[in-house]
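Each residue of the sequence shown is one higher than the one before, counting from 47 in our numbering.
Simulated from the structure, these hints should not be mistaken for lab results. Just so it is clear, the structure is predicted and the values come from calculations on it, not from any experiment. One thing to keep in mind: the hints can contain errors.
Simulated crosslink set (BS3-like; lysine-lysine; CA at most 25 Å straight-line) [said to hold, decoys possible]: (1) K167 x K91; (2) K177 x K167; (3) K62 x K167.
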Amino acid sequence: SSGINAEWPLRPGSSKSMQDALNALNVTPHLPSSIGLVVASFLAKTMSLATYHSTGEFDSEEEYAHYGLSMPLYTHFTSPIRRYPDLIAHRQLQAILEGMPPEEPMSFEEVSELALLSTEKKYSSKLASDKSSLLFLWLFLREKDG
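Construct the complete structure from the given sequences, taking the supplied hints into account.
Structure (structure tokens):
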């Protein structure tokens, strides 16, 4: 059985302690337990959604930390064909490597504005996805009931 007992070590102080608690439920990438999947899903829903920012928007280095990865300084980008913020990051890095001034090809203000817009669009997309999932669940349950 994979029930949760009184000794289950959930300590939400850090991402590592949360991962340790999930591991205690025998959650592994290859063979997760049912209870572990449910708990991991609910834990993930309580976490803040990732947001996009421009370098220089924060007053302290702590604000660049990644909670889930327990990293004090973090930036992320993938292939520039995947997301527009990644394309911006690649263009900015290319400009720096080619010796362009820091404000080229985009100024701090332009990058900040696009980061905010990208975050808003990402959030809207997440809401649409969640609502779509609920709609299909409702349709599935309605069909099973009838």
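Compare the structure with the hints numbered earlier in the document and write down the numbers of the violated ones, lowest to highest.
Hint 3 contradicted; others consistent.
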